[in-house]
Amino acid sequence: MRHLTTIGFLALAVILVAVPLASNNEYELRLFMLFLIYGIIAVGLNVLVGLTGLVSLGQAGLFALGSYTGAILATRLGFDMVSSALVAAIVAGFFGVLLAYPTVRVRGVYLAVVTIAFGLIVENVAIEWQSMTGGTTGITSIPSPNVFGFRLSGYAYYGLLAVVLFLAAAAAHNLKISRFGRAMLAVSQSETAARALGVDATGVRTLAFVAAAVTAGLAGTFYAFLNSYISPDIFTFSDSVRFLLMVILGGAASTFGPILGAYILTYLPEYLQQFAVWQKFAYGALLLIVMFVMPRGIMGSLAFGLKKLRPAPRAVSATEGILAEDTLRRDPNALRSELVARDLTVRFGGLTALNKASLRVKPGEVHALIGPNGAGKSTFVNTISGFYRPTEGEFEIDGVQLAGRKSHEIARLGLSRTFQNTELFGELTVLENVMVGYQQGLGYGLAAALLRTPAMRRQEEECRRAAIGLLAFVDLQDYANEEARFLPFGLQRRLEIARALAARPRLLLLDEPAAGLTTQEIDALEEMIRRIAALGVSVLLIEHHVELIMAVADTVTVLDYGQIIASDTPAVVQDDPRVIEAYFGTSLEHADAAEATP
Amino acid sequence: MSTVVQYILSGLAIGGIYALVALGFHIMWSSAKAVNFAHGDTLMIGGLLAVYFLAAGLPLALACLLAILVGGLFGVVLERIAVRPFLGQHGSVGWMLTTIAIGIMVESVATIQTQGYALPLPSPGIASSIQILGAGVYPQELAIPVVALIAMFGLRLLQHHTLIGRAMRAVAHNGAAASLMGINVFRVVAFSFALAGLLGAAAGVLVAPVVQASSTMGVLPGLKGFAVAIIGGITSAPGVVVAGLAYGVMEKFVEGYISSAAREIVGFSVMILTLLVFPQGLFGKREVMKV
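Going down the list, the protein sequences come from chains P and V.
Under this note's numbering, the first residue of the first sequence carries the number 1, and numbering increases by one thereafter.
Under this note's numbering, the first residue of the second sequence carries the number 1, and numbering increases by one thereafter.
If you are wondering where the hints come from, they were derived from the structure by calculation, not from laboratory data.
Honestly, I wouldn't trust all of these hints.
Taking CB as the label site, the calculated pair distances span [what the hints assert, rightly or not]:
hint, chain 1, residue 1, chain 2, residue 2, range
1, V, 269, P, 554, 55 to 61 Å
2, P, 20, V, 116, 37 to 43 Å
3, V, 173, P, 547, 55 to 61 Å
4, V, 90, P, 315, 22 to 28 Å
5, P, 277, V, 128, 34 to 40 Å
6, P, 351, V, 153, 28 to 34 Å
7, V, 269, P, 578, 54 to 60 Å
8, P, 141, V, 125, 39 to 45 Å
9, V, 90, P, 233, 34 to 40 Å
10, P, 394, V, 90, 34 to 40 Å
11, P, 90, V, 216, 30 to 36 Å
Covered stretches of chain P (chain V as the covering partner; in silico rule of three or more C-beta atoms under 8 Å from a C-beta of chain V) [said to hold, decoys possible]:
hint, segment
12, 52-66
13, 281-295
14, 549-556
Quick caveat, the model's predicted, so the values are computed rather than measured.
Note that CB positions come from ideal geometry on N, CA and C, so glycine has one too.
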């Protein structure tokens, strides 16, 4: 695959160089330049749609915003094209944050609506603010493309656009294979799991939208200079749909798909003209057909077919990896981690799911939390991992107060968890799932990711090797390149453990890890928990399986009706009459007495 | 004084339309956690078909009724072909794009059919205007917010006193559990989309006499209906209706005192600000993330 990408970029470079040589006239070259501008938009939009799974229907608005900003700067303040374009990109990016942040933290779906609305706002501002935008007549007399005072010839401008598109495509590709791209894919597939691994879902989505906004703003200025005239009616909702269609048709999430899509949809109108009034209908129909017949788009379908023909080897060699023990072992002199919860109360409306529950996981121990169904175990787990807010009470890890923090913040402070109903990133490979877990161990920034600096590559390589080591730790190295959703259930549970470990937790929270496992698998799990504890990681185990608990737990805490009714060593808890009552009901004498008095 | 009354009354009229559209979004979202992005076109279908049925010789009441029924049918068909195939998938890209695609197609057919003209729909509601505190309004306009309120209370009655209504609430609460209790979730979802379609088409029939029916008449109300659902809280039926009426009134005031372009700018900015301060909308309740 990696070689194919390189070949792809070479081919793109060759095409970009060859086209101006082959073009017969100005009109052909101009149309191709329009394609380059659309390509830049599509490449940026792909980060949002392909990687993050969000939809923007306001790209035309951002494109217009960039166009107007650039045109106004150039005509009124005498900026050259490059500085106009940069300012336009920054302005568009700023509006990107403004639109995305409040929206995506609620529901991704809302983004589509907010972006449509934004498109309308831009259009109305452009019409209304006549002194600045020229109203409905628009802005004419935009200077011809110039850089630092030098006028660019048609071919030079072409060259500039070609270079920008090429670089944008390369940067988007680099982003995709970096920690940022992985986080985007993870958030789109399971927001819950991503947050539990310390990924800030809102931040990641905002970043993706900003990427789409910045490229649209940049392309807008280029368009203004190419056209030398802009007006409000150039930027319509249909254009937003067309930009989106470029990404979907070419292949969302693929590196070259958006460029291919932009190419097709730049030239298609030339053919669609014969449909005259039916042109708009044709766009709708095309979108519908792609969604049903080829949801992966052209490049996505090709890649899928190729994978079928020549599947990548499923296994990786464990010798490539860093031993999990080395990744996980904590400094033996350092304090082992302690989780303390004090008087945690959680109420859902009138229901008190957790009532003044206090619990202490001693440093380095395996602590089991048990209780009948409905006792409040899941509520407890979801509260201390930040998914529910406690109504009262507090909890801390190694003295750091956690109550009130968001789930990704708690994860970053060293609390990792698995899920009762597994929450994997289904379409990522087994190895990539674990690499998402390692996310917080990667320190490189956005610039390093876009440029693929040596430091970034080094860290990525280390992340990969650590992930392989962790796969070997749970004996999954033979499935490394398989998509996680194809794993059998028992292996999915193990993958979740490896992924949680990759975050290098101080405390590992296992939420019913034995549910649905076979006897042999439970034995393996028991051994795995011992190995994890031996590395100095404290474990909080929520489980029903009594034998497993008796075998591995140092302390057992029992919850019933939201209250802690016992907390001691397994042997003591086992004989506690209150525990027996909670599990088996009242003792026989009581039951007899109850029957005797109807 | 009379201007203020005028703005309030006309605002309530257009607000009633937004409320009806938003109510549809609320109903669809509750049962399917998905909506029809072409819902605005349901409005247009209702308005235009009423005009065409009337032109075909049907009596006005029958033409309107038939147009509304077709709107409901549109909801069902769209749910079946464009929403259901994508419900099991991650994310919302699938149904969002398919419903948008169908919306584009329907709208472009309507444009070709009407050749871009706006067509009047006669109604006894606009025969003469009445004076209230110096403001002139058509009875038709006064009827719209009343219909929106009736729809809201009707929905409540339906949800509390009928089997299908209770099933809708069950599905909204937990689809998987509802399905285990023997509720046919697909049927409930289809019913919800039909109901939303009926309300949308009814809004179209109601507003057509006032604004004239055209192929694009549903675009803005559809978008604003969703904005209103976001502001009011998409999980709350009374919330979206109240927000819809308030949004309409606010619009008229901004339009009257500033300009019609400012109307859209202010309106949508209010939506974004509301999201920032009240992520669940003014009356919406937080959906607990099930882990």
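Hints versus structure:
{"no.": "1", "hint": "V/269 <-> P/554: 55 to 61 Å", "verdict": "57 Å, holds"}
{"no.": "2", "hint": "P/20 <-> V/116: 37 to 43 Å", "verdict": "40 Å, holds"}
{"no.": "3", "hint": "V/173 <-> P/547: 55 to 61 Å", "verdict": "36 Å, violated"}
{"no.": "4", "hint": "V/90 <-> P/315: 22 to 28 Å", "verdict": "27 Å, holds"}
{"no.": "5", "hint": "P/277 <-> V/128: 34 to 40 Å", "verdict": "39 Å, holds"}
{"no.": "6", "hint": "P/351 <-> V/153: 28 to 34 Å", "verdict": "29 Å, holds"}
{"no.": "7", "hint": "V/269 <-> P/578: 54 to 60 Å", "verdict": "59 Å, holds"}
{"no.": "8", "hint": "P/141 <-> V/125: 39 to 45 Å", "verdict": "51 Å, violated"}
{"no.": "9", "hint": "V/90 <-> P/233: 34 to 40 Å", "verdict": "37 Å, holds"}
{"no.": "10", "hint": "P/394 <-> V/90: 34 to 40 Å", "verdict": "35 Å, holds"}
{"no.": "11", "hint": "P/90 <-> V/216: 30 to 36 Å", "verdict": "35 Å, holds"}
{"no.": "12", "hint": "52-66", "verdict": "holds (count 4)"}
{"no.": "13", "hint": "281-295", "verdict": "holds (count 9)"}
{"no.": "14", "hint": "549-556", "verdict": "violated (count 0)"}
In summary, the structure is inconsistent with hints 3, 8 and 14 from the numbered list given earlier, while agreeing with the others.
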